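There are 2 protein chains.
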Amino acid sequence: MSNFFHQNVRFVLVEPSHPGNIGAVARAIKTMGFSQLVLVNPRRFPDPEATARASGADDVLEKCMVVNSLQEAISDCEHVIGTSVRDRQISWPVATPKETAIKIQGFLKSGSENSPEKAMKNNQLQSDDFPNIAVLFGRERTGLENHELDHAQWQIRIPANDEYNSLNLASAVQIIAYELNCALIDIDMLNQEEVEADKTKLEKRQRLATHGEMQGFYQHLEETLLELDFIKTNPPTKLLRKIIRLYNRNNVSFEELQILRGILSATQQKIKH
Amino acid sequence: MSNFFHQNVRFVLVEPSHPGNIGAVARAIKTMGFSQLVLVNPRRFPDPEATARASGADDVLEKCMVVNSLQEAISDCEHVIGTSVRDRQISWPVATPKETAIKIQGFLKSGSENSPEKAMKNNQLQSDDFPNIAVLFGRERTGLENHELDHAQWQIRIPANDEYNSLNLASAVQIIAYELNCALIDIDMLNQEEVEADKTKLEKRQRLATHGEMQGFYQHLEETLLELDFIKTNPPTKLLRKIIRLYNRNNVSFEELQILRGILSATQQKIKH
Numbered sequence: 001m002s003n004f005f006h007q008n009v010r011f012v013l014v015e016p017s018h019p020g021n022i023g024a025v026a027r028a029i030k031t032m033g034f035s036q037l038v039l040v041n042p043r044r045f046p047d048p049e050a051t052a053r054a055s056g057a058d059d060v061l062e063k064c065m066v067v068n069s070l071q072e073a074i075s076d077c078e079h080v081i082g083t084s085v086r087d088r089q090i091s092w093p094v095a096t097p098k099e100t101a102i103k104i105q106g107f108l109k110s111g112s113e114n115s116p117e118k119a120m121k122n123n124q125l126q127s128d129d130f131p132n133i134a135v136l137f138g139r140e141r142t143g144l145e146n147h148e149l150d151h152a153q154w155q156i157r158i159p160a161n162d163e164y165n166s167l168n169l170a171s172a173v174q175i176i177a178y179e180l181n182c183a184l185i186d187i188d189m190l191n192q193e194e195v196e197a198d199k200t201k202l203e204k205r206q207r208l209a210t211h212g213e214m215q216g217f218y219q220h221l222e223e224t225l226l227e228l229d230f231i232k233t234n235p236p237t238k239l240l241r242k243i244i245r246l247y248n249r250n251n252v253s254f255e256e257l258q259i260l261r262g263i264l265s266a267t268q269q270k271i272k273h
Numbered sequence: 274m275s276n277f278f279h280q281n282v283r284f285v286l287v288e289p290s291h292p293g294n295i296g297a298v299a300r301a302i303k304t305m306g307f308s309q310l311v312l313v314n315p316r317r318f319p320d321p322e323a324t325a326r327a328s329g330a331d332d333v334l335e336k337c338m339v340v341n342s343l344q345e346a347i348s349d350c351e352h353v354i355g356t357s358v359r360d361r362q363i364s365w366p367v368a369t370p371k372e373t374a375i376k377i378q379g380f381l382k383s384g385s386e387n388s389p390e391k392a393m394k395n396n397q398l399q400s401d402d403f404p405n406i407a408v409l410f411g412r413e414r415t416g417l418e419n420h421e422l423d424h425a426q427w428q429i430r431i432p433a434n435d436e437y438n439s440l441n442l443a444s445a446v447q448i449i450a451y452e453l454n455c456a457l458i459d460i461d462m463l464n465q466e467e468v469e470a471d472k473t474k475l476e477k478r479q480r481l482a483t484h485g486e487m488q489g490f491y492q493h494l495e496e497t498l499l500e501l502d503f504i505k506t507n508p509p510t511k512l513l514r515k516i517i518r519l520y521n522r523n524n525v526s527f528e529e530l531q532i533l534r535g536i537l538s539a540t541q542q543k544i545k546h
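As given, the protein sequences belong to chains A and B, one line each in that order. Going by the numbering used here, 204 is the number at position 204 of the first sequence; the sequence numbering is gapless. If you want the numbering used here, it's the 1-based position in the second sequence plus 273.
FYI, nobody ran anything at the bench for these hints, they're computed from the structure. A quick note: this is a predicted structure, and the numbers were derived from the prediction, not measured. Check the hints yourself; a few may be wrong.
[As the list claims (entries may be wrong)] Just so you have them, the derived chain A footprint on chain B, three or more residues with Cβ under 8 Å:
(1) 290–301
(2) 408–416
(3) 419–431
(4) 436–447
(5) 532–538
Backbone N, C-alpha and C fix where the C-beta goes; we use that ideal spot for every residue, glycine too.
Please build the complete structure, drawing on both the sequences and the hints.
See the structure below:
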């Protein structure tokens, strides 16, 4: 049962420039019991410098996923969390690494009901009975762009020196992996009976909409708002982004999403007639 | 008052081999608001590699103390804490980084009684009215020797992957500096002026929609959904209650509420035409 929940947490590096940093990140997450690393458009990878800095965590590098877009990296995730050291004009909800670890612990503890039947049948919980969680890290110099942070439910702000907050990429990952490990060790420790008890609760709860499903909803929403002449321009205006952020920072269940899409469809039909 | 207590915490590296690590440690502690670095018999220092890796934290390197013995490094400290990833034959008391941070917070908060009169007279506290605390880090490969750990009141054990606990020296320092910073920020915050400043920040932040405003929104929503023939009956159906619950369990800002109501109004207008 050790490191059971760690498999559901994915570290996503968006356009890292230096292969050395990728290696250092692999090492950082492995020391904390994690193994899921995704690289979005790395400048150089694979690279001997990455392997050298990984020093013993090359297995993490070997099985890491390399993708072309952030969407691909997170589409099957129920929770997406950003990281940032900058203050932003538009305010995202912010949490410390500790607060984040506690929230994620909660998500995993209560689980998702993707496949309660399967869990019941086997009488054994699998990793994919629990939600996938992605933590996004931006470029070394410029971090995440606003449209990337739009995908996040909240952003993690690491408490740092106001006058010098230049945390190395691997150091930021290290701190967050450390906090998550502290929180997940606690629930890994739950003995089988407690997990069993939790399972019953699980069955009653509803699974959340995945990131991909939410994207489908946002497209539908944009389409409808254009038809309503509520927004005039395409690409999305600031207004649309504000609404998206409202939903993103909250948990929307799959059932709720279906209701929201139902309203959009009803609106579109009315407009046609 | 910011970073007031940080000056009382000293990071001591015992016989570091790689100058790059010294630079990375300087950077790690500076990001967390610390500046006191002591090197005991470094193999190479100063060194261009140290300066390169410090990237902006060269002030910490410039004023760091280089000494010949651990004794010199810690003689004026009231508290000395070791770090270790190995299990030792002789058992030292062990604490996690979090437990350590809370203990150190306690030491600094209650202060030292070295000079209570001075503090009373000036009505102004100085750093040296509080105890000095040293955290010791061992060699990259072999850590601290037992006779060195003898100086420590306890040792910090960072929770790590049992099968791969090869934390980089700077990563270990980063995690501990991070935990200490979290704990010390709390007591730095005691200063009244900063509390006042925070209050102003709060006021600038967006206010949430009030309960009454949310109720108005729900009425507007119900009205619109009826006009859309999305819901058929009045009083509210189970469907409407589900949507209400989605918004209720989340924080909606006043601005977001206005956008949502704008969409409803646009929908109603379209229906009329």
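Evaluated hints:
no. : hint    : in the structure
1   : 290–301 : holds (count 3)
2   : 408–416 : violated (count 0)
3   : 419–431 : violated (count 1)
4   : 436–447 : holds (count 8)
5   : 532–538 : holds (count 4)
Against the hints set out earlier in the document, violations occur for numbers 2, 3.
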